[in-house]
Every structure is written in C-alpha cells, then in structure tokens.
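Peer 1: This is what each chain is made of:
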Amino acid sequence: MIKFSEEKLKKVSEIIQRYPEGKQKSALLPVLHLAQDEFGGWLDTPVMDYVATLLSIEPIEVYEVASFYSMYNLKPVGKYLFEVCQTGPCMINGSDDIIGYIKTKLNIGVGETTADGLFTLKTVECLGACGYAPMMQLGKTYREHLTKEKVDAIVAECRSKAN
Amino acid sequence: MAKKLLLDKAHVPGIRSYEVYRKEGGYRSVEKAFRLTPAEIVEEVKLSGLRGRGGAGFPTGMKWSFLAKPEGVPRYLVCNADESEPGTFKDRYLMEFIPHLLIEGMIVASFALGSNVSYIYIRGEYAWIADILENAIDEAKQNGWVGKNILGTGFNFELYVQRGAGAYICGEETALIESLEGKRGNPRIKPPFPAVKGLWDCPTVVNNVETLAAVVPIINEGGEAYAKIGVGKSTGTKLISACGNINKPGIYEIDMTISVEDFIFSDEYCGGIPNGKRLKACIPGGSSVPILPANLLLTTAKGEKRMMNYESLSDGGFATGSMMGSGGFIVLDEDQCIVRNTMTLARFYHHESCGQCSPCREGTGWMERILKKIESGKGEMKDIDLLWDIQRKIEGNTICPLGDAAAWPVAAAIRHFRDEFEWHVQHPDKCLTENFGLRHYADPIHVAVTA
Chain R
1 MIKFSEEKLK KVSEIIQRYP EGKQKSALLP VLHLAQDEFG GWLDTPVMDY VATLLSIEPI
61 EVYEVASFYS MYNLKPVGKY LFEVCQTGPC MINGSDDIIG YIKTKLNIGV GETTADGLFT
121 LKTVECLGAC GYAPMMQLGK TYREHLTKEK VDAIVAECRS KAN
Chain F
164 MAKKLLLDKA HVPGIRSYEV YRKEGGYRSV EKAFRLTPAE IVEEVKLSGL RGRGGAGFPT
224 GMKWSFLAKP EGVPRYLVCN ADESEPGTFK DRYLMEFIPH LLIEGMIVAS FALGSNVSYI
284 YIRGEYAWIA DILENAIDEA KQNGWVGKNI LGTGFNFELY VQRGAGAYIC GEETALIESL
344 EGKRGNPRIK PPFPAVKGLW DCPTVVNNVE TLAAVVPIIN EGGEAYAKIG VGKSTGTKLI
404 SACGNINKPG IYEIDMTISV EDFIFSDEYC GGIPNGKRLK ACIPGGSSVP ILPANLLLTT
464 AKGEKRMMNY ESLSDGGFAT GSMMGSGGFI VLDEDQCIVR NTMTLARFYH HESCGQCSPC
524 REGTGWMERI LKKIESGKGE MKDIDLLWDI QRKIEGNTIC PLGDAAAWPV AAAIRHFRDE
584 FEWHVQHPDK CLTENFGLRH YADPIHVAVT A
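Here the protein sequences line up with chains R and F, keeping their order. The opening residue of the first sequence carries number 1 in this note's numbering; numbering runs sequentially from there. The opening residue of the second sequence carries number 164 in this note's numbering; numbering runs sequentially from there.
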C-alpha cells in the first residue's frame, strides 16, 4: 500500500498549514515533490491518487498538474537522472558535445535509461546557470562547467554510491 | 567602481547567516520602515523610481499603489523567484548568497502592502536554494523579524517558500498565482489584474526577487537618494547576469551609467571575449529581447554610444534597438551561428508554451521546425518569409507575453541577420560544416546626417 512515512505525513500537514483554510490544493506541487522523492523517483497513477486523497481533491486535478510540469516524471527513471541543459547559452558553451559524450559513455539515447537502471539522460531547457555552462541537474544540485573529465568523475561517483 | 547597493556585502564571509548579516547592518530597513506608515513606504518606493527587475520594468511604487484594499479581505505579496529566462541567473545569486536581503525586503514590502502572509515562489530546480531560504526564514523568525507582533508593532507576518516544478510560464505573474494555487501554470486573462483579484481571488502584488531586495537600500538611504544613482528613468542599480562568449561570466551590479562596450570589454566586468575572437552579436536582456549585431549593440542608429540602461538599450525601438529586460546578457562571438542560436530559443519557447492560446501553442512549434530545417541545410528561401509571417501572427495575439517573447527573438534574428539565413539556404552542404562568421556585422553603420 502506498503511504508516506509518519515524518513525511507531518511535513504534508505542515505544508497545508501555510495556506488559508480550505486552500489545501495549494500544497499540490510541494506534496508531489515529496511523493516523487519517496516513491521511486516518478509518479505512478496510484501515487497520484494517494496524493489526491491526502489533499481532498479529485485525481484528475493531480494528473493535470503532474503532466504539466517538467520536473515530475510520469515514467520510471534511473537512480541517477542526468538533466543536461541545451538552451542557447549552454549550446554556445558546448552542451551538444557534453550530451553527445554522455550518450556514448553510457550507450543510451536522450530519454533512455541504462540497462542496469542506474542512469537516465534527459535534455532540458534553461535551468538558470547560463554563466556556468555547460551544466546539468543531478538530484537536488547543479553540476556546472562540465567537461568530459567531469562527466567521467560524476558517472564514477554515482556508480560508487550505488554499490 | 560603481556603487553597489545589493552586492556590497556579498563577499563578506558568512553573510548567508543571520548573525553576520545583522552585524553588517542587516534588518535596519525594517526598523526604519516600522517608524513610517505603509503609505509613506509606498511613497519612498515611488520616489526612488525603482522599476520591476524581472523584465517588464514597470514602476514598482505605482504597482504597489494599485493594490486594492477592500475591508476584511487579506492581501498578499508574492515574490517571483521563478527565474527561468535564458541568460538570467541573477536572482539565484542573491538568494543563494544573501538570502536575508530578500527576506528583509519582503518584510518591509509586506508591511507596506498589508500582507500578513507572503510567499516566495521559487523555480523547482533551485531546490537547494529553497532550503537556504527556509533556513534563513527560520533564523529571522528566531530573532523576532518574522512571526507574531514583530518588534512589538502589532504586525504579524509569516513567510513561506513554495517550489515550482519546471515551467518557464510560471514566471508570468498570473500563471505563478495559478501554480501557487496548485494548478497548471495557465496565465489568466487580464483584467482583473492581480492587484484586484490575485492569489485565491484576493488583492495581490507579485514582485521579482531583485525588486524586493532593492527595497532595502531604498528605505535605508531614502527614495530620493536612490533616484540620484543611475540616469534618467533608469534609477538605482541593476544586476546583470553575463554569459556566453566572455572571459568573466557572472553577476555584476551596475549603476546604469556605463556603456555596453565597457561592460563587455573592461576587466571590471566581462573582461572581453576569449581566444581573441571578435564580437558578433548580443542578446542584452534575456532570450526574449531582440538580438543585436555588434555594430548596433555598441552604437545606436543615431551614432551614439549605447549605454547599459533601460532607455539606451531600447533606443531605436525594435528596428535598431533591444531592451534591458531581465538583465540576462548573452554575448556571441564570431564563431556562433545565429540560425542555430535562434533555433535553440524557438525550441525553448515551444517547450515552455502552456498551450492555452493556439497562436503560441502551434506557432512556437512551427517556428522550431522551420528553424531546424534551415539549420540542417534543408531550408528554402520561402521558409524565411514564412518564419517572419508566423512570428507576426503570434505577437499580440495571446493571453500572456510568452507569445511575444517567442516571436521577438525570431523577428530580430531575421531583421538583422537575414543574409545568414539566406546563406544557409544557398549553401545546404557548407552550412553543416562551416559558420557564416562575422562578415559585416561589426562594420560601422552609416549615420545619415539630417540637414
């Protein structure tokens, strides 16, 4: 059964307290972030239905939001999600080469996951790190000024963490 | 050295913490603001000439004075920290390194506007910065700046951070409000404006991070003193996030009296272009504003030196000028391909269109496809005219300005770099391996002498 831990449930009620009475739907985006972190890095339908119940809203209200925002994954992703920016300023600074290098190194295409389920590669649009390009988002942080060597180091770091 | 009002303490070790921030004079503006009436604070901000730093440049004091104040209805201040305009990464710097400056500005602004609960809506990807802000708010709370009956004034104030989840459109204020209500970020039809009917249908002011931070020096030094910095209607200081082909990308606080040329080439700022390359073009205010070739960037069509301020950057209108926008300053050297750069921006707007209005939903995808076609050597001459036609049909025909923002970069690229587009069409093979280069884009422009 899908259920948040007690700690996470406490967090959910804390978030709901931030809004006026009856406006608990406002907690939807933050609670979906919590749910994605808690339940395997993506939002399966039963997870979204659970969130709907928690906030006393209709499941469709959750689906339409989850499908609108790019940070919510509606399909399973690897343990480590490489989100490489490809917009103008990053492109000028060689993001195409970085994306190409990751594809070759991990032997996957954009949007694909490695066979061992460790890595998924996604291209994303501007993440607000234009001065530190090329860059990618990895979990909660940014990895900036990427080079092939840095990509090697990041992949090695993830592999060793996974073991 | 230009006067710094926002970043003057940015390099003090530990400035992120409350203790150091307070020791360096932080929260003085709150103490001062509580000795004024809300109306007097609004008046100071009006006097300062502060213009919204998110991109539109609308006078902040005026925006505040529009806020409706019906009896018994809560009012809200929402900070727009959904920084997503390509080329823009200044708010991130402020929040990451001096989070208390934003909180201080928000306390003053919330007191002036009568907002007892305010929100910082931050883009979801800035997850670690949301944590930094929440820590800083906790510190402020422990020290009595946030919470019930602040400094014994009777003013109750709570401040919360809300993370978005990846949607450029939520930087548009009504889309942001929708998102904060837990919905898709679909912009609302205006009127009613948020000042009358905003968050949960209550009167709401939405201000950019840098705008709210600027309230601190305005209150500390007075609106009049703030207005004396800068030039004309470009008062105070502006944060510029500089990126692209420059030696020193980063965040710079300028007082809007320096020239574009000095900003790019002086060691104090961008430090010139790497590898001895020449300047080809620049998008001076975030991806939405018109790109300019080197010659029109450095000199206006009248033959005057172009300056880093609202008026000068827009001198000549869209025919020969651009905009200050968000201060996202993207420099392109002679090796950059304008078609490819424009294609990535068109792809960005297509990805970020919310899909509500058909001219934007369909037009952005259409523009992306045509640009990809031209870029990959498969374009025809008529595609360039078609591209022009599509952008004309998006501009002004959508609920929110994302349509305009998508149309302008394409329009400006064709307006100023049409021969580079034509070269791609004429050289379908060559354009895959070579760049058009600098050509005449830096040549001095002939200025017609009027009799």
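Among the hints, erroneous ones may be present.
[Unchecked claim] Here are the computed lysine-lysine pairs in the DSS-like style, where the Cα-Cα straight-line distance is at most 30 angstroms:
| hint | chain 1 | residue 1 | chain 2 | residue 2 |
| --- | --- | --- | --- | --- |
| 1 | R | 79 | F | 360 |
| 2 | F | 311 | R | 25 |
| 3 | R | 11 | F | 468 |
[To be verified] What the simulated footprint calls covered on chain R by chain F, stretch by stretch (three residues with Cβ under 8 angstroms from a Cβ of chain F suffice, anywhere in the stretch; the number is not a length):
| hint | stretch |
| --- | --- |
| 4 | 1-13 |
| 5 | 88-95 |
| 6 | 126-132 |
Because the hints were derived from the structure by calculation, they are not lab data. C-beta: ideal position from N, C-alpha, C; glycine also.
Peer 1: Each of the hints needs a verdict: does it hold here or not?
Peer 2: Outcome of the hint check:
no.	hint	in the structure
1	R/79 / F/360	violated, 43 angstroms
2	F/311 / R/25	holds, 25 angstroms
3	R/11 / F/468	violated, 55 angstroms
4	1-13	violated (count 0)
5	88-95	holds (count 5)
6	126-132	holds (count 7)
Of the numbered hints given earlier, the model fails hints 1, 3 and 4; all others are met.
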